[in-house]
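**Q** Chain by chain, the residues:
There are 2 protein chains.
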Amino acid sequence: MNKYLENVDDDFLYHFGFGLKTVDIPKTFADVKFVCTGGSPTRLKLYAEWFSKECKLDCSDNLSKSDRFVMYKTGPVLWINHGMGTPSLSIMLVEALKLLHHANAKDVKFIRLGTSGGVGVEPGTVVVTTNAMNAELNDKYVQWIGGKKVPKTRPTLSFLPFPNLIALANEKKIPVESGLTMCADDFYEGQMRLDGFFCEYKTEDKFDFLKRIHEKGVRNIEMESTCFASMTFRAGVKAAIVCVTLLNRMKGDQVKIPHDQYIEFEERPFRLVTALIKKYLGIN
Amino acid sequence: MNKYLENVDDDFLYHFGFGLKTVDIPKTFADVKFVCTGGSPTRLKLYAEWFSKECKLDCSDNLSKSDRFVMYKTGPVLWINHGMGTPSLSIMLVEALKLLHHANAKDVKFIRLGTSGGVGVEPGTVVVTTNAMNAELNDKYVQWIGGKKVPKTRPTLSFLPFPNLIALANEKKIPVESGLTMCADDFYEGQMRLDGFFCEYKTEDKFDFLKRIHEKGVRNIEMESTCFASMTFRAGVKAAIVCVTLLNRMKGDQVKIPHDQYIEFEERPFRLVTALIKKYLGIN
Chain P
1 MNKYLENVDD DFLYHFGFGL KTVDIPKTFA DVKFVCTGGS PTRLKLYAEW FSKECKLDCS
61 DNLSKSDRFV MYKTGPVLWI NHGMGTPSLS IMLVEALKLL HHANAKDVKF IRLGTSGGVG
121 VEPGTVVVTT NAMNAELNDK YVQWIGGKKV PKTRPTLSFL PFPNLIALAN EKKIPVESGL
181 TMCADDFYEG QMRLDGFFCE YKTEDKFDFL KRIHEKGVRN IEMESTCFAS MTFRAGVKAA
241 IVCVTLLNRM KGDQVKIPHD QYIEFEERPF RLVTALIKKY LGIN
Chain V
1 MNKYLENVDD DFLYHFGFGL KTVDIPKTFA DVKFVCTGGS PTRLKLYAEW FSKECKLDCS
61 DNLSKSDRFV MYKTGPVLWI NHGMGTPSLS IMLVEALKLL HHANAKDVKF IRLGTSGGVG
121 VEPGTVVVTT NAMNAELNDK YVQWIGGKKV PKTRPTLSFL PFPNLIALAN EKKIPVESGL
181 TMCADDFYEG QMRLDGFFCE YKTEDKFDFL KRIHEKGVRN IEMESTCFAS MTFRAGVKAA
241 IVCVTLLNRM KGDQVKIPHD QYIEFEERPF RLVTALIKKY LGIN
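Residue numbers (UniProt numbering), protein chains in the order written: chain P, 1 to 284; chain V, 1 to 284.
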């Protein structure tokens, strides 16, 4: 994808803290088939440990040598967190794609296991994203390069068609919906929360907005989906976004769920994605 | 700033993992006079420890109960990291502003101590930001709220006039420049790096762009300045942005400096800001 990367002597993946000269990248990463990601470093570590236990595969130490991201490997599955928002995610994706390119890994799929605010769905529902919608309310990932808006802004759709995630969720008795995912650029005003430091709109504006996007097919709001869908599409890798909702924004703005329930909700995208990966890799 | 926050029974600061009901916020935070921030959690912890040692003030444990940010307190100075990019920063700023509001803290100043890519300046130079420039190359922080671009996009200037940071840097023998800071939305294409996974422009396009922004007065590029300047301005708090450059983008794209030099570079914004805070608080 980038002719300037051909035959380079070194490539240091700054936000992972290692490069071609410090790690034997093909040896360590050539067998990767799935990259699983999500915002929180602790959650991604937990997912890697759960997956390791469930599939009887060793879990590596944290392979990232920088504090910007964590990275764990369980056999052919890599677990990397991406922080919050599209800028942070874009850095992780670019460096992960470069890593897999240097490793000669083939047919890798990317899955985002996130948390989100539900729009008209019950807390704990796992939303399987059909497409991403940006803050302008269209299906593009907006990039500015060299002072110009990229003329054909990036399309966003790149999703895994097989196996059917909805059927798999039903089989596992995980509450599931599919729909559009709105990608906001902030947690408060960009999602029309009433509990931020700034608030120049009214309660009725918030509900008008939520109803409007619900009618367009939006079922949850998070902060990474357009970039994730667009970059994976552009790189030619299959991807999926599977987020649990922590609240129904039609009923409130604050996330206040007891710790035990939070862990059980966090587990739901993991259970679904693990079932998908096991099927894909033929693990029983 | 937000009438919906008046007389609330509880306010849970989700990304700090505590709220009015779980922590005595006025008792813990009423004395805060400075919030120092930057992207990396490890660096902010290090800064807090250095400051504690230098000023003989106790350093708290990590006060954040969430893994999204870290928070340390050394007397009247709070150290919180903000992750990478404006979306992540906006969450931290909103919750820090709410925290200080609930604490009844007065006259608090915010300082970002960051790392950045230099534009025509030597690596290790500390750039004191005079104003922030967005990826559209104007001095606004662009927000989309309720599907609409905020009509009067936010101004960005809110900087500390006193004491003069440049004079202070000269006094401390820290290499310093002042100038515009460009805020990009990603690390690779948004900054026209040639070493990303994607690259649809040429070497000459990159240098044309860097020359163009240098002529406009840009001396460094990072990923948070517009949001930081704009939100602090809007909240009515004084602020400053002080970033060290890790490379000169006119000469390359990869950050490759030996660990010892990296630590010494990281120390420069800290030394400058510590001198400022000590002057301000009357600490010898």
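Careful, some of the hints might be misleading.
Pairs count within a copy or across copies, as identical chains cannot be separated in the list.
[Said to hold, decoys possible] Below, simulated DSSO-like cross-link-like pairs (lysine-lysine); rule was C-alpha separation at most 30 angstroms, straight line:
#1 K256 with K202
#2 K149 with K65
#3 K21 with K279
#4 K45 with K65
#5 K45 with K211
#6 K173 with K140
#7 K65 with K211
Derived by calculation from the structure, the hints in this document are not laboratory data.
**Q** A separate judgement is required for each hint: does it hold in the structure or not?
**A** Going through the hints against the structure:
| no. | hint | in the structure |
| --- | --- | --- |
| 1 | K256 with K202 | within (22 angstroms within a copy, 49 angstroms between copies) |
| 2 | K149 with K65 | neither (34 angstroms within a copy, 39 angstroms between copies) |
| 3 | K21 with K279 | neither (36 angstroms within a copy, 45 angstroms between copies) |
| 4 | K45 with K65 | both (15 angstroms within a copy, 17 angstroms between copies) |
| 5 | K45 with K211 | neither (36 angstroms within a copy, 43 angstroms between copies) |
| 6 | K173 with K140 | neither (33 angstroms within a copy, 48 angstroms between copies) |
| 7 | K65 with K211 | neither (44 angstroms within a copy, 33 angstroms between copies) |
Going through the hint list in order, the structure does not satisfy hints 2, 3, 5, 6, 7.
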